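Trainee: Sequence:
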Amino acid sequence: MNKYEFQRFLKRAGRNISYYVQRLPKVTRYLLITLVFIFTLEHFFNFSAFALHSFATGFNPLQLVTYAFLHANFSHLFFNALAIWMFGAPIEEYWGEKRYIIFILVCIIGAAVTHMLFQTSGVIGISGLVFGLLLAYGMMWPEREIMLLLPPMPIKAKYMVMGYGALLFFNLLSSGNDGIAHFAHLGGALSGFLLIQYWRKKPPFNKRKKKANIYRVK
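In this text, residue positions in the sequence shown follow the working numbering: the first is 15, and each later residue adds one.
If you are wondering where the hints come from, they were derived from the structure by calculation, not from laboratory data. Each statement offered as a hint is correct.
When the alpha-carbon atoms are kept at most 30 Å apart in a straight line, the in silico DSS-like pairs for lysine-lysine are as follows:
(1) LYS172 to LYS112
(2) LYS112 to LYS215
(3) LYS216 to LYS172
Keep in mind the model is a prediction, meaning the values are calculated, not measured.
Make a model of the complete structure from these sequences and hints.
Mentor: This is the structure in structure tokens:
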């Protein structure tokens, strides 16, 4: 491939990427663009103040949200962005922008609070939302098949959620200090689950209607 062929290849690739990005629902599209933009800025500026810190090491309430937009490396960003594209886009189309934004914020903040309850280490990344989206996708379309990357095989959404849930609890019990915020993952999934149950008016949020007292007239 010579210089001109390579340039044409780059132009075609750019047009294809632009086409698929424009097809994404608005919130998902801008969320992914923001993640990539901030990741680029991380190479030039120090964003450590925006990571989630414990109360003893510089906590600021804004960190409950800002930590999610920072990533440690390209693979950290790539797999989170891939999951948001795969699961977030159809969920946004189904719920609409307003409910989807609420879900994003609840999962991000829920993940942060859960991490702070059990860990004192700092944390960055939007993986808490990813686990919330994964759970939501499995709850809404349990029979839909998803193609895994490793191994490359189809699996129903409900089984994938079960598998990730089992892996998450195994990691919580056995991983120790492996540098991964497993409690944040748990918090994101649990927050998303509770919000969906609240919207559906299902346990633990369903209120039983009190039966009216009926007196029999003798």
